[in-house]
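Trainee: What follows is each chain in one-letter form.
2 protein chains.
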Amino acid sequence: MPRRPSTARKPAGRYHHGELRHALLDAAAAVVEREGIGALSLRELARRLGVSHAAPAHHFADRTALLAALAADGYARFGAALADAARRERDPFERLFAVGRAYVQFALDHPGRFRVMFGRELSELDPPPCPPEPEGGAAWQVLLDTVRGVLEVTAPERRADAEGVAFACWATVHGAAMLWLDGPLRAALPPAEARARFEAGLEASLAMIGAALRAPGRPPPRRR
Amino acid sequence: MPRRPSTARKPAGRYHHGELRHALLDAAAAVVEREGIGALSLRELARRLGVSHAAPAHHFADRTALLAALAADGYARFGAALADAARRERDPFERLFAVGRAYVQFALDHPGRFRVMFGRELSELDPPPCPPEPEGGAAWQVLLDTVRGVLEVTAPERRADAEGVAFACWATVHGAAMLWLDGPLRAALPPAEARARFEAGLEASLAMIGAALRAPGRPPPRRR
DNA sequence: CCCGCATCTTGCCGCCGACAAGATAGGGGC
DNA sequence: GCCCCTATCTTGTCGGCGGCAAGATGCGGG
Numbered sequence: 001m002p003r004r005p006s007t008a009r010k011p012a013g014r015y016h017h018g019e020l021r022h023a024l025l026d027a028a029a030a031v032v033e034r035e036g037i038g039a040l041s042l043r044e045l046a047r048r049l050g051v052s053h054a055a056p057a058h059h060f061a062d063r064t065a066l067l068a069a070l071a072a073d074g075y076a077r078f079g080a081a082l083a084d085a086a087r088r089e090r091d092p093f094e095r096l097f098a099v100g101r102a103y104v105q106f107a108l109d110h111p112g113r114f115r116v117m118f119g120r121e122l123s124e125l126d127p128p129p130c131p132p133e134p135e136g137g138a139a140w141q142v143l144l145d146t147v148r149g150v151l152e153v154t155a156p157e158r159r160a161d162a163e164g165v166a167f168a169c170w171a172t173v174h175g176a177a178m179l180w181l182d183g184p185l186r187a188a189l190p191p192a193e194a195r196a197r198f199e200a201g202l203e204a205s206l207a208m209i210g211a212a213l214r215a216p217g218r219p220p221p222r223r224r
Numbered sequence: 001m002p003r004r005p006s007t008a009r010k011p012a013g014r015y016h017h018g019e020l021r022h023a024l025l026d027a028a029a030a031v032v033e034r035e036g037i038g039a040l041s042l043r044e045l046a047r048r049l050g051v052s053h054a055a056p057a058h059h060f061a062d063r064t065a066l067l068a069a070l071a072a073d074g075y076a077r078f079g080a081a082l083a084d085a086a087r088r089e090r091d092p093f094e095r096l097f098a099v100g101r102a103y104v105q106f107a108l109d110h111p112g113r114f115r116v117m118f119g120r121e122l123s124e125l126d127p128p129p130c131p132p133e134p135e136g137g138a139a140w141q142v143l144l145d146t147v148r149g150v151l152e153v154t155a156p157e158r159r160a161d162a163e164g165v166a167f168a169c170w171a172t173v174h175g176a177a178m179l180w181l182d183g184p185l186r187a188a189l190p191p192a193e194a195r196a197r198f199e200a201g202l203e204a205s206l207a208m209i210g211a212a213l214r215a216p217g218r219p220p221p222r223r224r
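Protein chains in written order, with the working numbering: chain A, 1 to 224; chain B, 1 to 224.
The set of hints was computed from the structure by calculation and includes no laboratory data.
Warning: the hint list may mix true and false statements.
To be verified - Short derived list, chain B residues pointing at chain A, Cβ under 8 Å:
id	residue
1	Gly-137
2	Ala-168
3	Pro-184
Given the structure is predicted, the values throughout are model-derived calculations rather than measurements.
All C-beta atoms, glycine included, are put in the ideal place defined by N, C-alpha and C.
Modelling step: build the complete structure from the supplied sequences, incorporating the hints.
Mentor: Quick look at the structure:
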């Protein structure tokens, strides 16, 4: 079969597209990045690829299944991006900051994919299709290892806290990313100023993480 | 006009509902909390309230306008909840922790509303309808004041950092909330264990914030 | 060579959001 | 007391969507 770019339309004369699954994923990713999840429609994709409106159903049971596949692909790229960032830095602290920055950068570079991965579409379902990034996923593993590396040099006695600390770091960078993508920050301010504030806030967040990790162990806050 | 509970159906004999706007908002909030944003349909609401399918259009230009109104209402309750939590605690640190817990608690108690407030529906639009919670909103103000209170007793010389620190705290609790609502945490683990891990992670996050605020000023991470 | 099955087709259904034009009623102005 | 004005709600319609069913096509293994 002649290998065409997977996003290509089906030639008019042909009956089978041949790479429809890949083509759908690519086109869906493009739409999601450019126009958002809300604008994604199976029929629209089918039209775009020169294929009948029911063709996608043979590759993805429904719209949700397509989004889940997109999320899975996103998780793979995401984990790779974080691992890459970690590999580039040798100093444990700088490594942690690099991972944090990579986390946010991924969200900024691929807002659509990021929203698919962490958005409500896949989690508001009953039952949720459980995207393949549980706590044992690649991204989490990178973060956890990086935090362990930092604790090893600053507070080996807090080794056992690694999971909690990693969660806190995850929450911080995730929150920063979400606030930028969907939060009120961007809507309220002119773009340039919003961006500047966000950058400053992100640096402050990383600084907070650094300060907490450098600080000696402290009694946790009183539980409510 | 006889004052009925605003969620009531229109009596069969009457032509005008009379409280349709409030009824729509209440019913929409209920649906969103119970079945998620995706399940919200203007026609369904109209049926539920015993009103024609086009009636809602006279009160909300479109589905988005209804969501925006819901978000506005949510922001008001949210700001009040945070202010309440802040008022209850006198010690600056405990106050900050209380505000953080209140933030997450609101998300846990009203996941639907929280998703409407901070979700993509209203931000993926072009142009975004800009929910009325810019950086100057009530919730942000409570958080900022609380952080200022902490800095005042721990590091008055870092007064100027208050905005950055507040952003970091905001990001952390927001991220924790989002990870619980839509993240992989819940889907991957059995409910009880997921909840336990989340609680532990939240406490670790608050501890991280506390440690960072107690620590003396540190050089920020190297900017990339 | 031919048959099986994956792939893709046409056709249909109900639901949705949006728009247009008409019915109803409640209340202010006279 | 009456009448009109306008907010409110109605019916009717349109196109688009997701999903299902049944039929057409053609690739590749036996």
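Trainee: Each hint needs a verdict: does it hold in this structure or not?
Mentor: Verification of the hints:
Because the smallest distance between the Cβ of Gly-137 of chain B and any Cβ of chain A comes to about 7 Å, under 8 Å, the interface hint for this residue holds. A cut of 8 Å between beta carbons decides the hint on Ala-168 of chain B: the least distance to chain A is about 4 Å, and the hint holds. Taken as an interface hint, Pro-184 of chain B checks out: its beta carbon lies about 5 Å from the nearest beta carbon of chain A, inside 8 Å.
Checked against the numbered hints above, the structure breaks none of them.
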